[in-house]
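Peer 1: Quick note: the numbering used here has the sequence shown finishing at residue 250, numbered continuously throughout.
Since the hints were made in silico from the structure, they are not lab data. The model shown is predicted, which means the values in this text are computed figures rather than measured ones. Just to be clear, a hint being listed does not mean it is correct.
Stated by the list, open to error - With a straight-line cut-off of 25 Å between C-alpha atoms, the simulated SDA-like cross-links for lysine to any residue are: (1) K224 x D152; (2) K109 x N172; (3) K200 x G16.
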Amino acid sequence: MAKKQHVIGVIPARYGSSRFRGKVLAEIAGKPMIQWVYEQANQSQMLDQLFVAVDDPRVLKCVEGFGGKAVMTSADHQSGTDRIAEAVEKIQTDIVVNIQGDQPLLDPKMIDEAVLPMIEDTTVQMSTLKIKIREEDYTDPAVVKVVVDKNDFALYFSRSFIPYPRDKVAVNVYEHVGLYVYRKDFLRTISEMPQSYLEKIEMLEQLRVLENGYRIKVIETKSKHAAGVSVDTPADLARVEKLIKEMNLT
Numbered sequence: 001m002a003k004k005q006h007v008i009g010v011i012p013a014r015y016g017s018s019r020f021r022g023k024v025l026a027e028i029a030g031k032p033m034i035q036w037v038y039e040q041a042n043q044s045q046m047l048d049q050l051f052v053a054v055d056d057p058r059v060l061k062c063v064e065g066f067g068g069k070a071v072m073t074s075a076d077h078q079s080g081t082d083r084i085a086e087a088v089e090k091i092q093t094d095i096v097v098n099i100q101g102d103q104p105l106l107d108p109k110m111i112d113e114a115v116l117p118m119i120e121d122t123t124v125q126m127s128t129l130k131i132k133i134r135e136e137d138y139t140d141p142a143v144v145k146v147v148v149d150k151n152d153f154a155l156y157f158s159r160s161f162i163p164y165p166r167d168k169v170a171v172n173v174y175e176h177v178g179l180y181v182y183r184k185d186f187l188r189t190i191s192e193m194p195q196s197y198l199e200k201i202e203m204l205e206q207l208r209v210l211e212n213g214y215r216i217k218v219i220e221t222k223s224k225h226a227a228g229v230s231v232d233t234p235a236d237l238a239r240v241e242k243l244i245k246e247m248n249l250t
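Turn these sequences into a full structure, and let the hints steer you where they fit.
Peer 2: Quick look at the structure:
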């Protein structure tokens, strides 16, 4: 019988967000955003442990205040991946889930969907999610697209419209949902790679993996609210709070 694989979730929570400083502590319907994310993620059936990787004592105090587990990391990391790699360095685990700290409406089932292919196939080093998007989002550079091969491994991620229908044929366009799962050793490998050429152009760190010849499994999520729930600006807070009330999550 195969050994059970240990899975931990890590939420990178950087206080000094360039677009919205301190957003992880911004209040939404009476709770800080990081608490919403933590409580949603904690409902996953696949996670054995859940941590928040913080870089500021204010976030550490907040997480511990609502009963969450936090790990202090350097404030100098350039990406969430690097922060998570430091956070799990001394933790015994097989699989690590990178859970975005700005998605208070995270569906915990999405975590389970992304982890499952790693459990079923030990040769898969990394996995993520996608969701079909509306035509009006095809050319929006803020909506990252992904195309996959016949075995659902990523061919490319882009802010551009891909695949482009030259002859105006019907096309399915998918948004990449930024939830990542890695084998712990592979996470360390990624964090040690320098930024790649395409990664710098598109500002998408997952391209570093593809450019170095590795594969990423991409699963289509069944969640009905996987896209469009990130908080990137103060204006997003009211929109998300309205959705929280509509979904009776308060």
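Peer 1: Confirm or reject each hint.
Peer 2: Outcome of the hint check:
A distance of roughly 20 Å separates the Cα atoms of K224 and D152; the hinted pair therefore holds under the 25 Å criterion. The straight-line distance between the Cα atoms of K109 and N172 is roughly 23 Å, inside the 25 Å bound, and the hint therefore holds. The straight-line distance between the Cα atoms of K200 and G16 is roughly 21 Å, inside the 25 Å bound, and the hint therefore holds.
Against the hints set out earlier in the document, no violation occurs for any number.
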